[in-house]
Every structure is written in C-alpha cells, then in structure tokens.
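Here the protein sequences come in this chain order: P and L.
Numbered per my numbering, the first sequence finishes at 968, counting up by one with no gaps.
Numbered per my numbering, the second sequence finishes at 968, counting up by one with no gaps.
Derived from the structure by calculation, the hints contain no laboratory data.
Certain hints may be false.
It does not matter which identical chain is meant; a pair holds if it fits inside one copy or across any two.
Below, a list of computed lysine-lysine pairs in the PhoX-like style, where the Cα atoms sit at most 20 Å apart [said to hold, decoys possible]:
#1 K775 <-> K754
#2 K967 <-> K739
#3 K685 <-> K473
#4 K807 <-> K749
#5 K939 <-> K735
#6 K473 <-> K775
All values reported here derive from a predicted model rather than from experimental measurement.
Number of protein chains: 2
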Amino acid sequence: MKRRVGLFLAVVLGLTMVASAQERLVDYVQPFVGTTNFGTTNPGAVLPHGMMSVVPFNVMGSEENRFDKDARWWSTPYDHTNTYFTGFSHVNLSGVGCPEMGSLLLMATSGKLDVDYRNYGSTYTDEAATPGYYTNRLTKYNIFTEATTTLRTGITRFTFPKGESHILLNLGEGLTNETGAMLRRVSDTEIEGTKLLGTFCYNPQAVFPIYFVMQVSTAPNSQGYWKYQRPMKGVEAEWDKDNGQYKLYTKYTKELAGDDVGAFFTYDTEEGEQIEVRMGVSFVSIENARENLQRETEGQSFADIRKRAEEIWEADLARIQVEGGTLEQKQIFYTALYHTLIHPNILQDVNGAYPQMEGGKILNSGVHNRYTVFSLWDTYRNVHQFLSLVYPERQMDMVRTMVAMYEEHGWLPKWELYGRETLTMEGDPAIPVIVDSYFKGLRDFDVHKAYEAMYKSATTVGKDNLLRPDNDDYLALGYVPLREKYDNSVSHALEYYVADNALALFADALGKKSDAKRFRAQSLGYKNYYSKEYGTLRPKLPNGTFLAPFNPKQGENFEPNPGFHEGSAYNYSFFVPHDIAGLTKLMGGKQKFINALQSIFDKGHYDPTNEPNIAYPYLFSYFRGEEWRTQKMVTELLSKHFSTQPDGIPGNDDTGTMSCWALMSMIGLYPDVPGVPEYTLTAPTFDRVVIKLNPKYHGRDQLVIEGKPIGDNQYIKEIILGGKKLNSHRVTHEQLMKAGYIQYKY
Amino acid sequence: MKRRVGLFLAVVLGLTMVASAQERLVDYVQPFVGTTNFGTTNPGAVLPHGMMSVVPFNVMGSEENRFDKDARWWSTPYDHTNTYFTGFSHVNLSGVGCPEMGSLLLMATSGKLDVDYRNYGSTYTDEAATPGYYTNRLTKYNIFTEATTTLRTGITRFTFPKGESHILLNLGEGLTNETGAMLRRVSDTEIEGTKLLGTFCYNPQAVFPIYFVMQVSTAPNSQGYWKYQRPMKGVEAEWDKDNGQYKLYTKYTKELAGDDVGAFFTYDTEEGEQIEVRMGVSFVSIENARENLQRETEGQSFADIRKRAEEIWEADLARIQVEGGTLEQKQIFYTALYHTLIHPNILQDVNGAYPQMEGGKILNSGVHNRYTVFSLWDTYRNVHQFLSLVYPERQMDMVRTMVAMYEEHGWLPKWELYGRETLTMEGDPAIPVIVDSYFKGLRDFDVHKAYEAMYKSATTVGKDNLLRPDNDDYLALGYVPLREKYDNSVSHALEYYVADNALALFADALGKKSDAKRFRAQSLGYKNYYSKEYGTLRPKLPNGTFLAPFNPKQGENFEPNPGFHEGSAYNYSFFVPHDIAGLTKLMGGKQKFINALQSIFDKGHYDPTNEPNIAYPYLFSYFRGEEWRTQKMVTELLSKHFSTQPDGIPGNDDTGTMSCWALMSMIGLYPDVPGVPEYTLTAPTFDRVVIKLNPKYHGRDQLVIEGKPIGDNQYIKEIILGGKKLNSHRVTHEQLMKAGYIQYKY
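In isolation and in its complexed conformation, chain P is listed as follows (with noise of 0.2 Å):
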C-alpha cells in the first residue's frame, strides 16, 4: 500500500526542479532513518534548530496501523510500518521518549464532509522526503500532498481531484497528553487560535500553551467549526441529537473551545486545483504568531520556501565535509548529522519574544536565539561537545539561555521543553554541558551566575533542591542510598559525581580551590557503590550495607531495577568516565578492568539503545595497547546499528544523541568525559574529513582528519597531530585546535 520513493522520484513528480550535476550534502540525507524500531524520529519537514515542524501523523485512528498512540507507551507522531494518515501535525519532537507535541493536525478530504479522525483518515503512497520537504498521495482522495517549512511557519500544499474538498484542522488529537483548545474565525481564509500542550512523560504540570494563525490560499464555499459533545445522560441526552457525537457549527464564527474542536473549509475544486495552508505559530501569542508567519513567508511561493528550506540545510551540512566512504557511509554520516541539529531547537519569535522559564512572563532575546527542548541527560554526553565544536556560535547561545533559565527561574535546567522544566531522567546536566564550553572558548556568557547557579544546585539541602531531590544523602554519605525500590538511587549519584568532576575543574578555573577540592572529592564517592564480589557497583541501602539479592543483569531491555535508571548495573558500572584510574584501581588494575569491560560486549550486556553505557568502547583506549578495541568495537557497533533504512537507529535517537554518537565516531572524535574537554580517538570511517571552524572561538577556520583503515590494515597504529606524533589516542579540545590536523596511520 506504501511505497517511499526515490529522492529522483520525487523529482520526476515534477514538483520543483531540482537538477544539480553537483553533489549537493542534502541529497545524502534520509529523513526515514529512525522512524521505525522505536528511534522516534520522523521525515517531516523542518529546518535546523527550527521551532515548526510538519509531520505526517499516523499513529492513530485505524486498526490496521501497527501501533497507536494510546495504546502504548507511545513518543512519536509517525512510525514507518504504519499506514493510516490522518493529516499532518505541526510542531513536533524528534527523538524523545514521551508523548508531547504533535498536534494542529491539518488534514485534507474529497467527497462528503467527515471530521472524525476514525473515517476521515486514509492510506497513502508514493511517500517521499527530503531535508525541507515532505509529500505523499492520499489514496482514498486521490489527494497529493507536500510540506515544506520556514522556522516558525509551516507550508502545506494540496492538489485536489475535482469535486466537494476539505481541508480540516483538528485541535482535539494529537500526541500530547493534554487537551483542550481554542479557536476563532478571523476571516474566509484565516483562523487562529491556541491549543494546550504538555504533561511530557506524564508530569501533570509541565503544561504550556502554542498559539497559531493559519491561512488558507483560497477562500472557501463554507466554513465552519466541530466540537465533540460529551455524551449527556438521561432525559437531556435524548433531546440534543449532537449528544455524543461531533456537532457542526455551520453559523458561529466567534471564539470556539473545547476539548476536542476542529474546523472544516469547504471547496469546489476543479481538477488539480492547489490550495496552500501557511500555519504559524508562537509559543507567546496569536499575534507573535500571525507576525511570525508574516515575516517568514510574504510574498514566497511554496517552491520559494521549499529551496530556500534546501539551501539553509545544504549550508549547515557543508559545515562538515567528507571524502571516501561508500554511498551508505555518507548517507549515514550525513543523515546522523541532519538528526543531531533538529534540537534543541529555537523558542523566540522573529520579534525575539519568548515565554519566560516557568513564569508568566514575556522576556525578549535579542540578538540571539533563546533555545528550548534540552533532553539534557542525553545531549551532554556529545551533541553539545559537537555543536562547541562545529556550530560553536549556537552552542553559545545555548549555554546563554541555560544561564537566563537560571535568572528566570532559579535552577538551570535538567529536561526543559518550551520553558518548562519537565524533570525528566536525572542528575544535574547543565553543569557538564556549560563547564565544557567553557574550556573550548564559549565564554560570552555571566560566568559567575553560571557558577552561582551551579554552586546552589550541588550546595542545597532539603527538598528545595529542584535538581538534586536526595542532596542531603548525598552530600552526608557520598552517595544516595536506595530508599525507595524503583529509585534510581545510583543512576542518581552517578550523575552528581559526572557533574562535580566538572564543576571541581570550573572552581578552580575561577579559583575557588576550596570549592574545587570539595567538588572533587564528592566525585570520587562512587567508590562507595564498588562491589568486590560482583566486580560492579551496586546499590546500597541508608544503613551502609549493599542491597541484597542482586543481579547485575537486572534491568535489560528497560525493565525495572533498583537503583538503576532504565538500564542494568553493567551499563552503569563503567560510567564513571572522570576517573578511570581510580576505577582500574578499584577493579584490580588494568587487565581486570580491561577483561571486565570487554565481557560487556562479549557477553551482551552492552545496550547500544541508551546513554549509560554509550562511551564504553572509548574506555578502553585510556590503556595503551588496548586501543584497538575501542576501533574495533566502534566500527562493530556502527555496522550493526547504523544504517540507511528506516531500522538505521538502535532504539530511540533521544533528540539527536545516538546520531551524535555514530556521527562523531565517524569522524573518529569523541567526549567521552562530560564537562572535560578532551576527545578519545578513533579510526574514521572516511579518507578526509574537514570540519570548518569559527576563528572566533577555535583559532582558526578548518580541522582536517585523514586516513582511514585500509585493508587488512584496521588498527590505527601511529597519530600524527600538527605534525607531530601523538603518545596517547586521547587528546585535547585545545590540542586538537592548535594543530588543527590528524592523520592516522595503519
């Protein structure tokens, strides 16, 4: 029933003339990578760090879909192997694991007026996406459709058959959990409206509201709103014929609300008639919204917009450039770099206004771009370490809005998504993200609020503590006992250790030694969690003793397990990335250490789908001799996982970060310590790599990295760097920008 056509297809459709005999980055990508197999990402249109995204929805209303959003645990608004559209929603998430977003689900129909999602929806071919762009053909309508975007605006386009047609939008549905919108006529072609948002993985305050303006290019026959009618009882029930049912309002034009609402544009197309939809939105205001719109798209045809969408992408791809590999590496590489710049994504309004952090207010951003949706716990592991390297300006921006969060709010943000701290996941993963973009030069930022802000949330006791809920454990014991059976307790502590390694080298940047030796010293307390007997941490109970029975494989494939979050004491049991001395000591030196993280992989306790144990293979290059395995099990693990098919990631991209692992380790760089700014190396997977740099913040404009395994010839056996032989396959950022080249030999 569904067929993804070739990019060449597409074009063949006629739909814009894309003809380049130059090789253009765009064209590597595959936005069906990750959009099955749980990655969660989806092949809408979007641009880099954009607000707005138009996405086919198929996750509901049809039995014959694979999955449904309310029957399951369920984070996306589009899964491959499913087969039932029922329209395209606008602004969504990538790689996330909770249901959000996903909602202003635009739809088109021929024939006779339905508004229920249950009928109204319809399979779908010829389906086709490239970076900006979107289209497929709606089978049961004969209608085609194509997306394309601006930042804030989203651009949909319908050819119709001849004949009654609609263009629906429906507030009531979407992925998120929350409910409830309003809307309002405007004029023949406009309405505008707000919808709420929120409860991201069910917090039931974590709520906040989008706005939107959207426009139609022709006016239509008739027009008008739907609201479901909750079912009524009794007598009452039998005299309103709505009751139950979707009740058309074909005379109101003023405001409608509700908790499932729609409205319906009526026309009598001729053959091929097109008919545009420009949806804007902002997370301040219908105004913001309509200006938004305004400013993004007066005046540009949909091809306009489409090109310009391509050239925006084709400019931030080129930010990397690769030569050898195959076809599949380049996509793969190309494709994991489109993923890694969707979040965080921009919050502001092109008036620069934004919702305040967990506030009423409305704060202005100036200049720069004020950033939201930070899956910190994923994103401070590579993707910022990324961006301070190739998009170092945005990265500041980031670590900017970081710090405002903190003046806004008072904590610095953990999971934030559009100015509410969600709390999702744990530890304290600002710290890291700003302390290393500090290092690398990204220091255009209130410093010592930054510091403040991280001082109060490792500092604070009691049940203030937003960040740190168990700071009192931890600070008075070293580390957070099991409380309670499904705590996380050590995931917990894991992550305060990882944060104070960097906020011991950020106190001392400033000279606060005292600070500094403290915070150090709290990052070594993972020693407490050391099981001789198992050779892993191991949760531990208030009184002091370990938690008895145990089984450190408990916790695979993401069933519960004390005292680790979503994973088993295995993934946890080497992430203690900044000090591995201290835990090879605590092993019983190198070879143990060495036997033990190898029977990881060996053995499959390795879980290539989350973050814990995501820096694993790096480890073992702190041990000369032993670099070979981490090329080894990196280029394994890229093969295995990484693909060009829709399966191409394992398990949930987590706004970018699984691309960030196999894009850098493409390249053959990777942070494995967060908050340090250092790079474990390894073989990359093509002949030459040039990373174009920002004299501003690197010293100069390019990195190059060349050699690539060849052969029989797989281990790297000497690194040249500026120049000159390299003594370790670790180096540093500030290395790494002195000499600006790497070469590996084999």
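Given the structure of chain P, go ahead and fit chain L onto it with the hints provided.
Just chain L, lined up with the frame of chain P:
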C-alpha cells in the same frame, strides 16, 4: 433544612441598614414567587432589564434535589423545593421553557479544596431575597453568601469561617446545554475568559459566546485551574493519574480551554473575613466585560451597589401606585410588575457595543438601548402593550431594536436570544408588537423599514421564509394544512391571522390600501378551520377535509396534539381576537358563543398556564350584559392561580407574560387584541391606581383608575371615562389617554 426568612430577619442579620418608616414598594416584591411549580422565575439579584443576574444555582449535583437539570426537560437555574446549592450562576433567564444560560458558576467553600460540584455543593439556610439582593448561609461550610448586581456586573460577597477557604469558578457546568470555555489568569486577583452558550430549545446552531472578567477583592494564597480529563483508554490511561478526573493546574497561568474547566482561589481566612467577587460580562468581548465592570462598580462598595439596585427598582415600581387592596394583593401586584420588568433585557455594553443579529459584526447602539431575549410568541400578547403604556421609552427602544434586527439579519425577530434567532414557537409576533406601538404614538423608528420587514415575512414564498415556513400553503389555501402529525399547523395559521390583521391596519395607516385589503382578507382565513360539528377549530388536511378522528380535548397538559401547539382545540378555538364578531357569527350567534366560551371554563378546558387562551376571560366583555363574566372569571383566576407563595404563578412565567396578565388584570385593563390599540376593562383589584405616563407619548402625565368592587356589589354597573359615562367595556388607547381617568361604579 432550608428556610426562607422574611425581609425583617434579613435586616436583623445586620447586613445593610434598610430602615424606613415610609412605605417602600420594593418591600412588597416577593422574589420567591414563581420559583417552583414550573414558574421558572428565580430569586436572584437582577436590575430591571439588566443583562446581569446573580442566581442561586440549585439544580444539579445531588440526588436529594427534587429536580435535576439533566434528568428531565428543565429550564431554570433554581427551584424553591431543591436543597443543594452549587454556586451563583451569572446571567440567567427568568420564565422560559428551555434550558439556557445559567453559567459562570461561582461557589465558596471551606476546608480541603474539592472542585467536583457533586462534592462541593451545600445545603443552605437563612435564604432571603429582595429586589437586587439575595442571601443564604451554606450549612456545610458556615459561609454566609450575598449577591447584588448592576446592569452588567454581579457582585457577590462571602463571609468565611476561620481556616482554609476557596472561591471556585466553574465553567464546565451550567443550565445551558452548550459546553466549552476558555479562561486566563490576568493577575492574582483577576481572571477573564469566554464560555459558549446556546442551543436554546435544542436548536443546535443558536449558539453564542459570553465574555467575562472576574475580580476577587483579596489576593489569594494560591490559585489555579482545573479541567476534567476526558477518560483515556488502554495503556495511556494507566500512566495519566488524572485520567477521567478533575486535574488541578497549580503552576500553569495562561489560557486554559476545554469542555469542563474552572478556576480556584485559595485563602487562609480569619473568622468572619469577607471576600467579594465582581463578575463583569459582555456579549462582545473580554475588554468590554472589563470596561462594564469598571465603569459600573469602580469606587462603590457592596452596600453602595445594593442600595443603588434597590433605588432603581423602587423608582421603576413607583410608576404605578396603588391604594387599597390587601397586603397580599399588593405583594402579588408588585411581584408581577417586578417579573414583567426582567425581560427583554439590554444587550449592549456601557460603550454601546453589541453583537450583530445573526452575524459576526460588532455594532453600536448609540444613545439607545439594544434589547435582547424577545420571547415574542408570549410577550406580544400583553408585555409590550403594558410597556407602551407604563414604560413607553423602553418599548420605543425595543421597537427600534426589532427593526434594527431586520436590517442586520433580514428578518424581524421571533424568539431572539442574544443575537440568535432560535425560531422557537410559531407565528410572526413582531408585527402586532410594532403595529401596536405605532398606533399608541411610539413612532420614533423607521416606519417604512418596519413595513418592508413585515411585508417580507407576510409575502415571501418558498423555503426562504424564515418566519412563516408554511407561507406557500397559507397564501394558496388561506390556511395551513396538516402535513405532519405534530406540525402545529392550526397554531401556525392562527398566529398569521393575528399578525395579518395588525399588518392590514398598519398598511391602512400608511396609505397602502390594496395591501391592507389583501392582509385583512388573509386574517379571516381562520374560518377554514371552523368545524360546525364540534363548534371548534379543527385541523384541515391538504385536500381540504378535516382531520379525523378528532378529539377537541387532546392536547391537555402539554401532550402532543395534531395541529395545535401546547394545547387542545379548546385552548385555541376562541383565539381569533381580531374578529370576535365573525367568530360569533360562525358559532351561531351571541348566545352560542357565550355558552361555548363559558363551558371552556366550566368544564375545565381552560389552561391558566399557557398563552393561547390567556385572553379568553376578556372575550365576554364584547357582549353587552355578559361583561360580569369577564369580571368573575378574572377575579377567580387571579385568586386561584396567583399568590405570594413560591408556587404563586400558574406555570411558566414566559418572560413575564403570565405576571403581566395578573398585573393588567389587577389594574383592570387588558389588551386582548394584539396589534389593535384597545383594552377590555374589568374591575380593578385596588381602590385607586395611579399610573405615571410619559407626556411625550401619551399627552398627559398620569392615568388614574378608581373604584374596586365593595361588599356584595361585585360587578361593574357604570364606567365613567374622563367624566363621561362609557357605553362599553372596551376602550381605545386614544380614548384612555384623552380621558386620563376611569371611575368604576358597582
């Protein structure tokens, strides 16, 4: 459990000092009259023709209530026999037969916050009401409640016990069957929003928004929203703890929209602490609701506003002064006057803005009042004639409003409600209302536009005739045949005859002789329905034969009846007020007419609760020597059906029509032919009645009526009109205004 205390006790309760040695007319008003026995009045605080009313809402939430709004066809926010109070509803209808309005439910509670009205409601005691004021004590919470009002703003004061206390605004429930509301926190002490109202008499498209601004006098300790979460299914349901419950939003402060939403304000009150709530409304916008609130209440205390409300009522009631009569008679009289002055009510804001009739525009009423709530099938029989006599400047604005509705919408109103034509009941009742006013000298409106409007509904053929949907039959046959079992065909036609008689008179007055001839001929078509066999009117089929079988008693007690709406053939057969002479001839002469009419009363076929036969008692006075029957029947009906008790109105007050029947009957003037400026006279209840007239319209400043029956002399022997003996018991408006004085002798 519940006890209504007298005014004296209310005064003793010490809330306001209402001490006066002088007689006050407001003290005669008994706002509880008509609040049970389906009278559908209410004891809420309201001004004459006020947009706002603040009404104790006691028709939902408890099985201990005798009547539940959803368990049956129910049309009033309050019933005196109910016991469970769930708050004050803002903006209500008085005396209507369909569920509508009665929303913006404001409640006060103490103790733990609970936002479910099934839990938070309370029984009450110490209930009392005077014009512009209502009070009770909530037994569950020991909260003392008081409400007063301006034209567009409700003011409620709660006196709390010590402890945790709450003010709740429920936008999810109401008497209206429409749902959907949006609210937004403006500040600690102010919220604003809009709620959808409508579907009066289950007309699905007759919907419209109300806008509000609500201010509390004291900033709360905490506040938030609630929204009922529609039940989820499957796995989704397991994760959302608010699934199928009222979710509290404690941190969210922006727009909240939904089917069932509300807001709470939480306080830590001292014993006896008073908190006041002011609710401004508008049918135009939130901004106008705020302006209404500010301009009407700024700088005024609760006591000021209550006092002003009382003064306004006192001044209005004082347009008619009565002497003699018992206390009970005075109470019945002024209560009837009170109920007659509630609808129609003003629609425009303080700045003159109002919503276009059946359109999206906002218009301005300038220096005039724009009225709404025209239940014309009821009120065209006496309310507008009464207003023309006693409050002609208001009737003048109502006529202007009706003509403006034609200009805005293309049709005169039938049953207009807040800018919507609900098309409830039948006929073309605006015609007699406007014509009657015209003939009484109320001519400051676009007379030719009015005639154009009337001519349109009287002559338009086909489906496009909104007011006379069966005009094709009516014009072709001279009557409306029965085409569907319960199509009320005879009732429709009878209304058209009355309207066409009025229209003929109007055409004559405007010099349109041929139109006049045509409409006069049409007005006599009732003869088609006369059945010699039964001596009644009887439905006719399209082929010209009478409906058979036929039972002239069918239709009693609102049972369905072919051809007749809400009544039997008996209730309609004398409803040819404009041609009593012709009907008499049809019936075989005076004696047969008198016998038949008398038997309606004697055999219990007269329905004192509904309009079609409401003027029957007055028809005797067309016949010399039979006038005593009018006096006898009117006296008996007044005595039997009107009292000072809650069941003191015989059935639905029909926006004052029933009350107005009593009122005019007690004065001794009744306008039994709608559209014809004449009155039938009967013995007044009082020794002396002085009605203030408006010299601008009436040429004099008062009308005096003297002489009530004394002792055994029950029936009028002689009528002296302006010093001259009157040879009839009927009088024209012109005669009456010229004379200014009627004296009755017995």
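Verification of the hints:
Proximity of K775 to K754 under the C-alpha cut-off of 20 Å is restricted to the intra-copy arrangement: shortest distance 16 Å within a copy versus 99 Å between copies. In this homomeric assembly, K967 and K739 never come within 20 Å of each other (Cα to Cα): the closest approach is 41 Å inside a single copy and 113 Å across copies. In this assembly of identical chains, the alpha carbons of K685 and K473 lie at most 20 Å apart only when taken from different copies (18 Å versus 54 Å within one copy). Taking CA atoms no more than 20 Å apart as the test, K807 paired with K749 passes inside one copy only; the shortest distance there is 10 Å, against 114 Å between copies.
Proximity of K939 to K735 under the C-alpha cut-off of 20 Å is found in neither arrangement, the shortest distances being 40 Å within a copy and 115 Å between copies. For a Cα distance limit of 20 Å, the shortest separation of K473 from K775 qualifies neither inside one copy, at 63 Å, nor across copies, at 40 Å.
The structure does not agree with the numbered hints 2, 5 and 6 stated previously, though it agrees with the rest.
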